[in-house]
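Those protein sequence lines, which keep their order, are chains A and B.
Just so you know, we're using our numbering here: the first sequence kicks off at 1 and counts up by one.
Just so you know, we're using our numbering here: the second sequence kicks off at 1 and counts up by one.
Careful, some of the hints might be misleading.
[Stated by the list, open to error] Taking lysine-lysine pairs in the DSS-like style, the calculated list, with each CA pair at most 27 Å apart, reads:
no.: 1; chain 1: B; residue 1: 351; chain 2: B; residue 2: 381
no.: 2; chain 1: B; residue 1: 381; chain 2: B; residue 2: 304
no.: 3; chain 1: B; residue 1: 351; chain 2: B; residue 2: 404
no.: 4; chain 1: B; residue 1: 62; chain 2: A; residue 2: 66
no.: 5; chain 1: B; residue 1: 404; chain 2: A; residue 2: 66
no.: 6; chain 1: B; residue 1: 400; chain 2: A; residue 2: 66
[Claimed, not checked] Which stretches of chain B does chain A cover? Using the computed rule of at least three CB atoms under 8 Å from a CB of chain A, they are:
no.: 7; region: 282–289
no.: 8; region: 366–375
[What the hints assert, rightly or not] Heads up, incomplete: computed chain A residues facing chain B, CB under 8 Å, no partners named:
no.: 9; residue: 34
no.: 10; residue: 36
no.: 11; residue: 38
no.: 12; residue: 43
no.: 13; residue: 44
no.: 14; residue: 46
no.: 15; residue: 48
no.: 16; residue: 58
no.: 17; residue: 169
no.: 18; residue: 173
no.: 19; residue: 174
no.: 20; residue: 178
Worth flagging that the hints you see were computed from the coordinates, not collected in a lab.
Positions of the beta carbon are idealized from the N, C-alpha and C atoms, including for glycine.
Listed below, chain by chain, are the residues.
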Amino acid sequence: MVSAASRIAVRTGLVAARTLLTIAVVATAVFLLTEALPGDATSGLVERGASPAAVASARAELGLEKSASARLWQRLEGLARGDLGRTAQGRPVSDVVARPLRRTLTLAGIALLAVIVVAVPMGAAMAWHGARASEKLLGAASVALISVPEFVVLTLLALLFTSALGLLPAVVVADSDGRIDVAALTLPALALALPAIAWTARLVRGAVADALELPHVEAARLDGLAPARILLRHALPPALPAIAASIAASCAALAGGSVVVETAVNYPGVGSLLTQGIQARDVALVSSVVVVMAAIVAFAFALADLVRDLRPRATWA
Amino acid sequence: MLTRRQALLGLGTIAGAGLLSACGGSPGGATESAVDGPARRGGTLRVGALGKRSAIERDPHKVQPNESDYLISCLAFEALTVPGSEPVTARLMARWEPSSDLRRWRFEIADSASFHDGSPVTADDVVWSLRRLRGLPNGEFRLPGIVAKGVRRDSPRSIVIVTDAPNAEVPMAVRLQSFVFKQGERRPGRGPGSGPFKLVSYDEGDAVLARNRDWHGGEVSLDRIEVRLFSDGEALTTAVLGGQVDLAANVGPVAARLAARDEDLQVVRRPNDMAMPVVMRVSDGPFADPRVRQAIRLAVDRPKLVRGALSGYGTVANDILGTGDPLYVGDDVGQRARDLDAARDLLRKAKFDLSRSYELFTTSDTPGLVASATLFATQMKDAGVKVKVVRQDSAAFYDKTWLKAPLYTTYWGTNDSVLFFVARTMTSRATQNETDWNDERIDSLYRRAVGDPHDERRLEAVRDLQRLQYEHGGYVVWGMADGVDVARRTVRGLPRSGGYGRMFIEKSGFAA
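In isolation and in its complexed conformation, chain A is listed as follows (with noise of 0.2 Å):
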């Protein structure tokens, strides 16, 4: 027993600093990249053809006189505290950032509810039916729909449901409240969720199927009991953690989706906030809308992890 907390406290440790880590090679990495674009910040500030002494004052005002491995330094030292920076405009990073992430975080949350709600069950009906045709022009579909990217998924949703349905908005725009409505977070919401969907269920359908093969789970299939009660009493238990470790991976994937439909659907999310911080060579948004996203995704990861950690072993081993 006491091995077995310890075992545990080690492994939550390690990952802890996995990613730590982890955030902190994206930080660099990001800050670096952004830094070898040509141009800088600046370009946003001062108008076109500017006089020098206005390009000059714009970039002390971005601290970019400062060497790069300096500004480097000042900025992880910043995200160490907790501090975002500010953008090329002024404005405090965490001020831009809030809102757009809440907005992202509904709306990758509502695909993620539906990539777990649809394809654990899809995935396991899958490795169950196996050879059946039904379930093979299912795995058609699903490698047809990894393969797409999310903006040809919005536009085959779009021209379903708003052209030839009339149902939905194509693009989201918030009311004189400030308010957007959830009807229009549908389109995106699915344009994320589908490929997502359908990579996560190839995945739950490995995982099961060799779950199924385990001496135990034939015998209870032997045994004669419902499929659904080995299914979940007896298959998803050691497939879990491959299971987790798949969704952990939609998260990555919904976050990098997230920045092309949001853009082409208008919302205010990071993911566009990201696409413009990339255009307007602002590094420290760029660098904190990425770092906040990796965060995300590695906290995910860590929580696969901690998953496959803690399963109880003994009931099956």
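Assemble chain B onto chain A, guided by the hints.
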């Protein structure tokens, strides 16, 4: 709710805008031109405008990269003068006149001009605001030729601007950017303005504005204007086609093509909105020989460029910038047309190296720019000149290419002033001398054009400056893009002038 047809059109912008526009035929049709007629009192106009939430800037004196933010500034605040029916039209100032030596300009504040809190606009407010603007890093750029101490109070309702040199361009210099706040305003852009609309709320780039009943500038029909920020032009197109906004500001030809099929929509074309010239470096490099520049200009097929790069939403131009200026002479000097024989002949005489290939740098900063570069390169091939188009990211372009490369594309949104371009891009002191043209004749003509006390001599200098551009300049001004807005068909009174004139939508409204 959307009709099916509107929605289908909207989708075209996502699914295949290029395809649709390619088969659209020439612009024209029932809904092509803006509708006119009286507007009723009341209504809320929902305006979609482009911008980036990451680049929000609410201070109208600072650089506002977002069209949406600038639109809000122009509705809630007032500059001394603005573009309108004339390049320089009254706004907060009702009248202005120079001293006979053009060194001292007196501006009178419009009668009954007052801030949204009810207090009258005073000379002190104007002087404070102009001096603040001049003191900002961009001040020299925004108030060219004006220094802070030259701006003085004249009477409680008038100011004077004194310049070091005679300057006929002062009313132009204070145009558009010279927003006036209350003296000592701590948060410019958030406090009261004097414009036709009051800012009710501002939320991450989206704003609600309500009619200012006491505005000095005449009757305003609309009760409210709601500005909605769109970070993507296609999303904005989809929104107007789907009826989610009433006006898509500056949304471009592709949207116009889609809208032209919808009887519920109108397309507003504003001529002389955007110049997209090709820049040839004059001072050195392959285009330094004036015969080479002339040959290139003769090799260009202008009507084809207008049709191809601008989808027909534009007009042919004549290598002179400032096409919207009442003093523009481009129509009098003879339209330069394609003459490949003459072009080849000139290239031969200039011993232009036809064996190598010349890089033409471009960006996708404005719609049609890349297409114009590609078409230009194709057309040059007909004259035996090999041009390779190099597309650069905007930041890279301004870092490495702009003002440096021998051949690149540029674009300009202020086209109603010949002297604006001369001052900014052609005199030897110009900080945006894109063609690197250093010609003593330009400098002396410019001094005369802004400083000669005799009206006729100034006008003559403005005309001569244009002839010089036509003969010797480094710009290939092949055409002018129309500004294209798409609006619900019921919207009335939208601005028709190119450039920043599009911001002044306060007199618009809904059909009676």
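Here is how each hint holds up against the structure:
In summary, the hint linking residue 351 of chain B to residue 381 of chain B is supported, as the alpha carbons are separated by about 17 Å, within the 27 Å threshold. For the given pair, residue 381 of chain B sits about 15 Å from residue 304 of chain B by alpha-carbon distance, which is consistent with the 27 Å threshold. Taking the CA atoms of residue 351 of chain B and residue 404 of chain B, the gap is near 23 Å; set against the 27 Å cutoff, the hint holds. Using a Cα cut-off of 27 Å, the hinted pair residue 62 of chain B and residue 66 of chain A holds, with the two alpha carbons roughly 24 Å apart.
For the hint linking residue 404 of chain B to residue 66 of chain A, the alpha-carbon distance of about 26 Å falls within 27 Å, and the restraint holds. As the CA atoms of residue 400 of chain B and residue 66 of chain A are separated by approximately 21 Å, the hinted pair is consistent with the 27 Å bound. Counting residues of the region 282–289 of chain B whose beta-carbon sits less than 8 Å from any beta-carbon of chain A gives 0, not enough to reach three: the coverage restraint is violated. For the region 366–375 of chain B, the assignment as covered by chain A is violated, since 0 residues bring a beta-carbon within under 8 Å of that chain's beta-carbons and 3 are needed.
Using the Cβ-Cβ criterion of 8 Å, the hint placing residue 34 of chain A at the interface with chain B is not satisfied: the shortest such distance is roughly 10 Å. Checking residue 36 of chain A against chain B by beta carbon gives a least distance of about 11 Å; that is not within 8 Å, so the hint is violated. Proximity of residue 38 of chain A to chain B holds as hinted, the smallest CB-CB distance being about 4 Å (cut-off 8 Å). Interface hint status for residue 43 of chain A: upheld, as the beta-carbon distance to the closest one in chain B is roughly 6 Å, under 8 Å.
Given the 8 Å rule on beta carbons, the hint for residue 44 of chain A holds: about 5 Å separates it from the nearest Cβ of chain B. Hint status for residue 46 of chain A: holds, given a least beta-carbon distance of 6 Å to chain B, under 8 Å. Taking 8 Å as the C-beta contact cut-off toward chain B, the hint placing residue 48 of chain A at the interface holds, the least distance being around 6 Å. At a threshold of 8 Å, the smallest CB-CB gap from residue 58 of chain A to chain B is about 6 Å, leaving the interface hint in force.
Interface restraint check: residue 169 of chain A against chain B, minimum CB-CB distance 6 Å, threshold 8 Å, status holds. Interface restraint check: residue 173 of chain A against chain B, minimum CB-CB distance 5 Å, threshold 8 Å, status holds. The closest approach between the C-beta of residue 174 of chain A and any C-beta of chain B is roughly 6 Å, which is under the 8 Å cut-off, so the hint is satisfied. Hint on residue 178 of chain A holds. Least Cβ distance to chain B is approximately 4 Å, under the 8 Å limit.
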